[in-house]
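With the hints as extra help, turn the sequences into a complete structure.
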Amino acid sequence: MTQVERQQWDVVIVGAGGAGLRAAIEAREQGLRTAVICKSLFGKAHTVMAEGGIAASMGNANAGDNWEVHFRDTMRGGKFLNHWRMAELHAKEAPERVWELETWGALFDRTADGRISQRNFGGHEYPRLAHVGDRTGLELIRTLQQKTVALQQEDYKNFGDYEARLKIFQECTVTRIMKTPVEGGAPGEERVSGVFCYERESGRFFVMEAPAVVLATGGIGKSFKVTSNSWEYTGDGHALALLAGASLINMEFIQFHPTGMVWPPSVKGILVTESVRGDGGVLRNSEGKRFMFDYIPDVFKEKYAESEDEADGWYEDPERNRRPPELLPRDEVARAINSEVKAGRGSPHGGVFLDVSTRMPADVIRRRLPSMHHQFKELADVDITAEAMEVGPTCHYVMGGVDVDPDTAAAVGVTGLYAAGEVAGGMHGSNRLGGNSLSDLLVFGRRAGLHAAKYAAGLKGEERPAVNEQQIESAAAEALRPFSAEEVADGAPAENPYTLHQHLQQSMNDLVGIIRRDEEMAQALERLAELRVRATYAGVEGHRQFNPGWHLAIDLRNMLLVSECVARAALTRTESRGGHTRDDFPEMDREWRRSNLVCTLADEPVSVDASVQPGEAAERADRGRIDLHRRDMPPIRPDLLELFEKEELIKYLTDEELTTE
Amino acid sequence: MSAETHAGEGAGTHTRPDAEQAEGTGTPGAVSGGAPDASGTSYIAQFRVWRGDIDGGGLEDFKVEVFEGEVVLDIVHRLQATQAPDLAVRWNCKAGKCGSCSAEINGRPRLLCMTRMSIFDRSEIITITPLRAFPVVRDLVTNVNYNYAKAREIPAFVPPQGLGPGEYRMQQEDVGRSQEFRKCIECFLCQDTCHVVRDHEENKQAFAGPRFLMRVAELDMHPLDAAEESGLDRKTTAQDEHGLGYCNITKCCTDVCPEGIKITDNALIPLKERVADRKYDPIVWLGNKIRRRT
Chain A
1 MTQVERQQWD VVIVGAGGAG LRAAIEAREQ GLRTAVICKS LFGKAHTVMA EGGIAASMGN
61 ANAGDNWEVH FRDTMRGGKF LNHWRMAELH AKEAPERVWE LETWGALFDR TADGRISQRN
121 FGGHEYPRLA HVGDRTGLEL IRTLQQKTVA LQQEDYKNFG DYEARLKIFQ ECTVTRIMKT
181 PVEGGAPGEE RVSGVFCYER ESGRFFVMEA PAVVLATGGI GKSFKVTSNS WEYTGDGHAL
241 ALLAGASLIN MEFIQFHPTG MVWPPSVKGI LVTESVRGDG GVLRNSEGKR FMFDYIPDVF
301 KEKYAESEDE ADGWYEDPER NRRPPELLPR DEVARAINSE VKAGRGSPHG GVFLDVSTRM
361 PADVIRRRLP SMHHQFKELA DVDITAEAME VGPTCHYVMG GVDVDPDTAA AVGVTGLYAA
421 GEVAGGMHGS NRLGGNSLSD LLVFGRRAGL HAAKYAAGLK GEERPAVNEQ QIESAAAEAL
481 RPFSAEEVAD GAPAENPYTL HQHLQQSMND LVGIIRRDEE MAQALERLAE LRVRATYAGV
541 EGHRQFNPGW HLAIDLRNML LVSECVARAA LTRTESRGGH TRDDFPEMDR EWRRSNLVCT
601 LADEPVSVDA SVQPGEAAER ADRGRIDLHR RDMPPIRPDL LELFEKEELI KYLTDEELTT
661 E
Chain B
1 MSAETHAGEG AGTHTRPDAE QAEGTGTPGA VSGGAPDASG TSYIAQFRVW RGDIDGGGLE
61 DFKVEVFEGE VVLDIVHRLQ ATQAPDLAVR WNCKAGKCGS CSAEINGRPR LLCMTRMSIF
121 DRSEIITITP LRAFPVVRDL VTNVNYNYAK AREIPAFVPP QGLGPGEYRM QQEDVGRSQE
181 FRKCIECFLC QDTCHVVRDH EENKQAFAGP RFLMRVAELD MHPLDAAEES GLDRKTTAQD
241 EHGLGYCNIT KCCTDVCPEG IKITDNALIP LKERVADRKY DPIVWLGNKI RRRT
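Protein chains in written order, with the numbering used here: chain A, 1 to 661; chain B, 1 to 294.
No wet-lab data here; the hints were simulated from the structure.
Here's a subset of chain A near chain B, in silico, CB distances under 10 Å, partners left out:
1) Phe42
2) Arg142
3) Ser266
4) Ser371
5) Trp550
Using 27 Å as the maximum straight-line C-alpha spacing, the simulated BS3-like pairs for lysine-lysine come out as follows:
6) B:Lys183 to A:Lys377
7) A:Lys157 to B:Lys204
8) A:Lys157 to B:Lys150
Positions of the beta carbon are idealized from the N, C-alpha and C atoms, including for glycine.
Here is the structure:
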């Protein structure tokens with residue numbers, strides 16, 4: 001094996017979206033040498049696609065707003081499965097994180113008195129989303145990118161090197177987290193010592209030695225066929241964490257955003273922002289009916305309007321009218337659309353109608369929803385100021401992720417590993433509210449960067465774990481395997497990674513999609529087992545220089561692991577809640593609210609590396625890779641429970657939980 | 001994989017992905033090979049894609065199926081999935097929001113994901129080449145480091161002294177101007193098309209390019225940027241350090257901007273005017289004289 005370059009850093013951050021960059025800025029400001037590794041070019045992360053806004057209870061639009069109201073909304077949106085401590089920290093710290101962006105140069109839309117404007121969104125009691133038209137994610141990523149550059153300029157002034165203390169390794173991918181036994185520790189005690197990476201441009205391998213690694217890799221949407229997610233969303237961080245010995249929780253909860261484009265087919269799944277509804281857009285079926293009034297669930301009955309008049313009155317006078325049901329949390333709206341289409345009341349291309357053209361003057365639409373106007377005009381020949389859009393559910397977000405300590409973002413069970421943003425689990429419970437993602441990235445990105453820095457700073461020189469050579473060799477062999485894929489046993493050629501990916505996406509879409517059934521999920525697990533076997537034969541053509549076929553073959557490992565987590569957890573949770581809807585168990589079950597399903601990597605006798613023949617690897621892949629167990633949630637702190645009316649808590653909590661209060 | 005030319009054999013090697021795959025999984029209904037499950041009509045288009053690396057390369061011919069409503073990036077993906085698995089291309093969002101999939105289509109700088117196939121004649125040969133102003137890495141991927149280097153040379157936003165987080169007050173009409181420039185998705189098409197650097201590598205040292213001159217304008221128009229109070233005059237540096245003078249407002253940048261930002265009219269020309277005001281302002285002139293003397 002050739003010598004692999006090693007670099008030493010204090011903190012390594014995997015991912016350069018909102019969470020990763022916020023973590024990097026924090027770690028660097030703590031004075032630590034920080035490296036960021038990202039799959040794409042700097043500034044292209046999936047965060048740019050966020051449209052609507054950042055939820056933070058600044059109270060600029062309605063002075064009644066505060067962290068307690070935001071906390072309540074978040075818990076309701078997640079059907080009380082959220083880790084209450086994360087929801088609390090998030091609600092409390094979000095305003096500071098938004099204001100801080102302004103001091104770094106962000107330019108949000110303004111209120112008449114010059115403060116940050118806030119807009120309405122599903123599930124939020126007050127207008128709460130700081131925004132820039134419908135391109136808030138771009139503003140966020142650009143601001144963090146420019147703050148990163150500002151810090152680099154500072155370092156240039158002081159050290160003559162822009163990258164002395166903060167460096168971005170763009171278009172590089174991490175394939176393994178390295179761990180090293182703790183000297184003098186308990187038998188088997190290990191901690192993080194670095195990451196193994198390849199550079200896309202050259203295909204060259206390198207190792208970043210660092211005692212602290214922050215995962216900020218985003219989500220898993222590329223395992224589904226219809227998705228709003230970009231190519232990067234292959235569940236890398238989720239899989240890296242599993243492979244490093246961490247646990248994933250809540251993986252059964254996938255958010256299908258109610259409004260993705262449905263036509264033309266090539267754009268199916270592309271996001272249509274919730275701001276369309278927040279600003280007054282309505283959903284109609286083929287009969288012209290605003291069907292959402294028929295889908296208000298019992299737990300939300302008191303809070304939503306019963307008539308169109310009341311709903312329309314709310315925009316002007318929210319004190320005397322209740323909210324339009326189009327602004328129910330995303331899971332409710334997505335299910336409703338699904339039902340309407342199934343009942344034969346869909347639009348020509350299998351969605352429903354989302355209309356702003358009859359609700360706002362054309363110039364207002366162009367000003368408030370410029371990206372949507374542009375997107376429909378360019379990609380679908382639809383002028384949204386003149387006609388309705390056709391929309392339907394699209395895989396958008398995974399609530400599940402790495403099991404972390406709420407305060408420090410440290411991955412449970414792996415010393416030196418941290419996770420923040422979409423790759424972390426717990427914050428959003430069973431369903432995330434719109435706008436709570438960007439604030440999550442900032443709040444927990446900062447916390448992860450801070451605590452990773454503190455941990456790294458606390459290790460003295462000689463305590464720094466070194467990466468051992470053997471781990472590097474097996475990681476390199478694993479990454480190179482697609483180049484030496486043997487022929488499949490019966491003489492057929494090596495598997496095409498693109499084909500495998502398409503089959504995976506179709507299977508997850510059809511069998512573990514928005515509405516789930518026992519037999520289908522069992523079938524999905526069989527398919528996944530079959531795909532795991534076939535993936536061991538995935539082969540690539542060409543060489544290592546910028547070879548997308550190779551990259552995909554490597555990403556497949558991650559997508560298959562994560563998909564198995566989703567399918568297994570979904571099969572096990574016999575209730576419906578948030579982003580997990582069972583046809584065979586349509587009700588929410590209070591007993592299940594107390595439980596998380598925890599996924600870990602199943603034991604494997606020997607690691608699969610180059611010394612293992614594909615046939616043998618296939619045999620091993622034939623059985624599941626994921627173990628699952630049920631774990632109780634920590635009881636909600638009494639003072640937080642007191643923020644809710646008893647009548648509301650009865651709907652979610654068991655009698656036992658209510659009496660032990 | 002060799003850079004051999006597939007002229008004429010594209011149609012022959014093409015397989016209908018849905019037929020091939022449905023069999024593999026036993027999936028009821030069509031499984032698409034990057035092809036949409038549309039019942040709409042399809043046709044075979046002719047593509048010519050540049051393949052190669054820093055050492056050289058050439059145009060390779062492909063014949064590939066096109067379905068209704070598709071964009072050029074869909075076709076590139078279909079080529080990867082069915083004919084050229086190692087064809088290198090950058091892309092992320094496929095929704096015109098990230099600015100990754102920049103290339104030149106029939107010689108014009110464009111985003112692959114926002115170029116609909118319906119704008120081309122069905123018999124037309126569509127040629128895709130990498131951005132010309134930047135060194136090629138492989139196939140359609142170029143080395144865009146020039147842009148990141150220039151980004152670092154623009155001094156960052158200077159926060160106003162005495163205003164804490166949450167205390168910023170700005171009017172919408174005052175932030176609106178800079179907001180237009182912050183719509184930029186950094187696709188670098190303007191950097192690619194700008195004639196100052198397109199065929200003049202030697203100008204890259206002194207010239208930041210439209211995207212980053214626009215960044216200077218954005219900061220200069222930011223209602224609360226305190227650069228001047230900190231002794232930084234963005235107008236002077238635009239001219240002296242970032243090469244604003246090279247721009248002779250031919251508006252090529254504005255023409256290719258996928259976000260429709262009026263780069264020339266709203267950013268570069270006003271910045272030039274401010275530079276001129278500054279240079280010929282007698283009070284500033286006097287001030288400079290005095291400061292130089294002390």
